[in-house]
Amino acid sequence: MEFNLPENTTLIADTASRYLKDNYSFDIYRKQIEQQDPFGASRWSAMQELGWFGLPFAESGGGFGGTLLDVAMVVRELGAALCLDPYVDTVVAPGKLLEYVGSDATLAMLSDVIEGRVKLACALYDFHAGYQVLTPSMKLNGRRLSGQKNFVPDGGFADTLLATALADGELVVLAVPLGICETIRYRALDGGRIANVLFDDVDITDGMILACGEKAEQALSRLLAYLRVLDCARMYGAAGALYRRTLEYAKTRKQFGVAIGSFQIIQHYLVDMFIDLQQLESMLFMAAVKAESEDVSQRERASTAAKAYYADKAVRIAQQAIQIHGGIGVTEELDIGHYFRLITHCSLTHGDRAHHIKSFSRLDEVHQGE
Amino acid sequence: MEFNLPENTTLIADTASRYLKDNYSFDIYRKQIEQQDPFGASRWSAMQELGWFGLPFAESGGGFGGTLLDVAMVVRELGAALCLDPYVDTVVAPGKLLEYVGSDATLAMLSDVIEGRVKLACALYDFHAGYQVLTPSMKLNGRRLSGQKNFVPDGGFADTLLATALADGELVVLAVPLGICETIRYRALDGGRIANVLFDDVDITDGMILACGEKAEQALSRLLAYLRVLDCARMYGAAGALYRRTLEYAKTRKQFGVAIGSFQIIQHYLVDMFIDLQQLESMLFMAAVKAESEDVSQRERASTAAKAYYADKAVRIAQQAIQIHGGIGVTEELDIGHYFRLITHCSLTHGDRAHHIKSFSRLDEVHQGE
Amino acid sequence: MNLDFTREEREFQQSIRSWMRENVQDDIKRSSALGEMLAKEQQQKWERLLGKQGWLALTWPKQYGGPGWTATQRYIFDLERAMAGAPPTSPFGVSMVGPVLYNFGFQEQKDRWLPGIVSGETLWCQGYSEPNAGSDLASLKTRAERKDDHYLVNGQKIWTTQAHWSDMMFCLVRTDPTVKQQNGISFLLIDMKTPGIEVRPIYSIDGHHHLNEVYFTDVRVPLENLVGQEGMGWTIAKFLLTHERTTIAGVADSHHEISRLKNAVEESPGFLDKSQARLRIAELEIELMALEYTNFRTVAATDEGRPLGPESSGLKIKGTELQQKVSQAMVELGGMMSLTWDNPETIGSDIFNRATRRYNFLRACTIYGGSNEIQKNVLAKMLLGL
Amino acid sequence: MNLDFTREEREFQQSIRSWMRENVQDDIKRSSALGEMLAKEQQQKWERLLGKQGWLALTWPKQYGGPGWTATQRYIFDLERAMAGAPPTSPFGVSMVGPVLYNFGFQEQKDRWLPGIVSGETLWCQGYSEPNAGSDLASLKTRAERKDDHYLVNGQKIWTTQAHWSDMMFCLVRTDPTVKQQNGISFLLIDMKTPGIEVRPIYSIDGHHHLNEVYFTDVRVPLENLVGQEGMGWTIAKFLLTHERTTIAGVADSHHEISRLKNAVEESPGFLDKSQARLRIAELEIELMALEYTNFRTVAATDEGRPLGPESSGLKIKGTELQQKVSQAMVELGGMMSLTWDNPETIGSDIFNRATRRYNFLRACTIYGGSNEIQKNVLAKMLLGL
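Residue numbers (this note's numbering), protein chains in the order written: chain A, 6 to 375; chain B, 6 to 375; chain C, 981 to 1366; chain D, 981 to 1366.
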């Protein structure tokens, strides 16, 4: 067993951290959440220059062969910086789906993603099916696609969706240009851009069907394990930032003539946050390593456990950070409340706590270490 | 609305408290839990002299017409005194069952209970059926009774059981002399006496069948609402005693040169206990008043809510009392740990927390005040 | 012991219910069903309507414009109000400065200010907190210097709820900086239109503007706007803390919220594990019951003229914790439907779509009015006899 | 980062597992399956068996009798031990006085005492707590007066686990009452057969006798039983607190307990809502995962020779809380089956029938070894830099 971040991963994380420090700020974030246009061309190309576009993907497909752990460290830094640039939603998620499908057509599309030539987003959810991604409510009848997709995190600028539907009860993954759908964009809880997309008897051509049946299901299953871990990574970045800010605040903020950190109750709150953060970090590392496993039960076990744990403990850290900050913590002025929203947001994407506890309870136990 | 204890109820509670102070003690309790014989004839007749035997029952049946609230205050004092004398199990519970059935035969038996001429116990549970009292696993085939009853709180001395069974799928309540059954007695968690009773093809005579079908079910439903409230009353007595002892301990016990009550964390623990105790008291009053209602939904709603709440908060108070006491709290020497066991015990009788939350979630909501 | 309402009380309840059914406007009901905040105009229209009925200053003695109700009636009114989807009324006039005025004010002050509160015409705000005096109020710094015919006020208040809506502020100011912290504080009424007052919005993380900073630069306040004597500010502030409020536990509004939650779950488009969700709601309902009956005891005690004990701190603590739990359950049971912020159309369920607004805002309810930690400190002192 | 065991480690695991399968006696397995405490004879027989294998003093340097394992191997051993239904070994000899002796003891002391620990022959107990010095150890009063060739010990210890089983006690005593609290404390080894020692049982609320009071009346302890110098007792005690223990979080035993709980639920006579119960167990398993991987990081850090940070306090806190939660779940999922205390036969499920024993006993695990509140105080000082 070896629990250190590989040198290369540390380098990736440090670079991400430095890049965000130099190129992102709470001010930029606050402007970004007010804008329809998510972010300028400059940060999009910066991401590409940093190698983030290729990072999650196998070298054989033109990627840089980074591990989920590598990607998670980037996403952790994005969370810590409160950065809304939709790296996961418009690069990682659709890219991994294409990679997991692994056909000639999807690998060709993947290389467009890596080169930054297309802007994709995954449309996996609708409010009828909820977190049951294998049974979307959208239907493909022959060549006609009808239904809707909700909560599509397209960053406000995707041009093509990778959407799921059922065709005769069988899952299909389609690539549909957004131009032929009715799209309503709005803001999500974390400030990012999200869309409702209506497919009103849309014509589907052969080339749009990327995968079906078991192939589609397997690709989706792998994708979701991957994405749950990135949810955790983002929450970890935010929770860590909250902890550091709150600790600092407790040291400096005075009440009744003394720093509030001198009150035992505040001390114990901080200790609880610290301990939970330690455990969250362990869960993140664990899940990042195991969620790429070939073994579906390992993937599911690790990623559902981590997400369920985060939806409890990271949320609690965010709540306590506000409580310790007092009134200032619930204002738009300070970043505290924004991290709080980010964490609530991530606790609900790709399965919430109840969903994951239930999934976990139905997995067979794998004896640790076997 | 009027929230004071009626004068008469206060008198009953004060008398019970004084009686127990004069006639019961932690030393007596400690001897009692070691003895097979539950308690001497003197406290049995004292109970009768105090009027407790008649208290729970209607005047028309020879009782004193006390309310559930009256009985609950007696039981609260028994809990506060850690008294194991099986008043509820051998007088109240069987007596109320007889009263609720309300036939000539059962009312005659009830008058024997009130006069102290019989020693009964209710045998409602077995480990197969668990808390599902309407579907016991014991079977009555024609005149032959087969099966077992567990967790029978007969105080170690009952001579006749009021037992439930199914006859052709229909619930029956029987009065069975313990002499014709195989009985194994042992100690329960709270130190009281409890029995397993095996019915090995036992002959049942006509007179033994007290009620069947809907009549039996209704009597049982009313009984259980009543008993849940008494569970709460006993826990309230114990939790109150724990709170007072813990508060006193925090004022006097020194560590690091100061009373431990001067530490903010201990202060907040105590405040939490105090606040929960307040709410527990409100729930007890509420449930005691409503669980005698003719309206089944009121009875169920009040008594299941109270019991579920107690199984959470009274348990938590008991845990915190130990934590604040430190090592001394987990010894047999001190009463703290014994109250702790009593509370755990009562949280599991007549339905545990999960059972009651589930029952409650299935009741229709009644708009408060209507 | 009788935990049911009397026949008279039930009749009273029926009459309030009918009135609410006829008088709560549709736009208010709609906002309430979605858990949205009202606009100033809606809120004030509603309060004026109540004022016209004589139903605004509920706890006040009849002579000052109270309806002469018992605490039980007030509780019933509040419950019916909440269940009808009407908002709570602003506490600053009727629950705070009003009682201060009729207890400590001169006749002229009563004549001048009480009618506007009773009718809902004058909107008040509370100038207590300062940037470095939140939970530690005694350290406040806003200075009111006595000049010939006025006080000259300089300083800053913060977290001033609805200052941007208000006509008047009641305010704690330091009139004597030379004496011990609490002693130099006075209770002053300030017209918000006085020159030198600047109100700056603070946006909360629910995306709304409730709170403000208020800056005072050489603001001239007439001497007759001092309530009581100079230096009595602390006494008055403490008086207010123990002043009875049947609504401190938020029972009525939690009833309303839980019923919204139940509706949302039952009408949810279907993917929810409803039996699982019902268990969670059952736990909340049971907690509300415990809170409600504890609150009833306070109400009953008030009706019998008995003094309030430490229960009321407990009610505030439990009540706010429950509000947070209910709002968190609403967010979490909403799942992805709670992810939405400014969606122009319903996605599955409006209630869930708006759930995080209230959840975010309610993080403040364990902070304001003395954080729950401070409440526990105070309560501990009483219990331990420190 | 590699979170799987290496091939060597897996082979090691297999060999330990086979050994356990063959060597854990049936009576021990039976007790363990029911969550019962072992008798002294069973416990000592087991420890001697491990001693014979050289598997008792796991963390010790090879020269003193340790097996030379990595922390990972020790973790694997502990896991396989627990899952095989074998008890944890007593910590007082191998984890406490042993490391003190080889770090602070004279050669003679090492020669005299270490072999008995390594072999499992000598049983030790820990004389720290006193009636008025529990969490506040520095205020201890047991006096050791230096005479010509011995210390004369008078005083009382309390909460002395297994004192009634023990051959030896290591003990904190006050050798100098004139200096500041911590400074006058020394670390003394006392033969439990010395005249003047009286051991009185304390029964715990699980109904068992683990704990004792130990009274010292003019007990003569040879001068050579002093470890280190006079006044070094506090230093040694602090050393022990930071001494590595891979088992502080109780991960292995929590695995075993959760697996017992799962068995009990799955084999329950049927009235349980099993899917409901499985959700509760899932939550516990997930918490255990978080604890386990945090523990792994400590283990890995130890193997790499990195110093332990504040994580270990966190492990103790989380680990004990989890043990309590698991035992509470076992009691509550047992329902009425948990009501039994000394039933002579199984009622539904043995595991549930005995569940409250462990639940009761484990209330102490957040108290002993420095209560969790004290642990948090210490941790807070480190975090806040106080």
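Source of the hints: derived by calculation from the structure; they are not laboratory data. Mixed in with the good hints, there may be bad ones.
Straight-line distance between alpha carbons at most 30 Å, and here's what the computed DSBU-like set of lysine-lysine pairs gives [as the list claims (entries may be wrong)]: (1) A/Lys363 to D/Lys1218; (2) C/Lys1305 to D/Lys1254; (3) C/Lys1173 to C/Lys1032; (4) C/Lys1242 to D/Lys1254; (5) C/Lys1254 to C/Lys1009; (6) B/Lys363 to A/Lys363.
Evaluated hints:
{"no.": "1", "hint": "A/Lys363 to D/Lys1218", "result": "44 Å, violated"}
{"no.": "2", "hint": "C/Lys1305 to D/Lys1254", "result": "27 Å, holds"}
{"no.": "3", "hint": "C/Lys1173 to C/Lys1032", "result": "26 Å, holds"}
{"no.": "4", "hint": "C/Lys1242 to D/Lys1254", "result": "25 Å, holds"}
{"no.": "5", "hint": "C/Lys1254 to C/Lys1009", "result": "26 Å, holds"}
{"no.": "6", "hint": "B/Lys363 to A/Lys363", "result": "17 Å, holds"}
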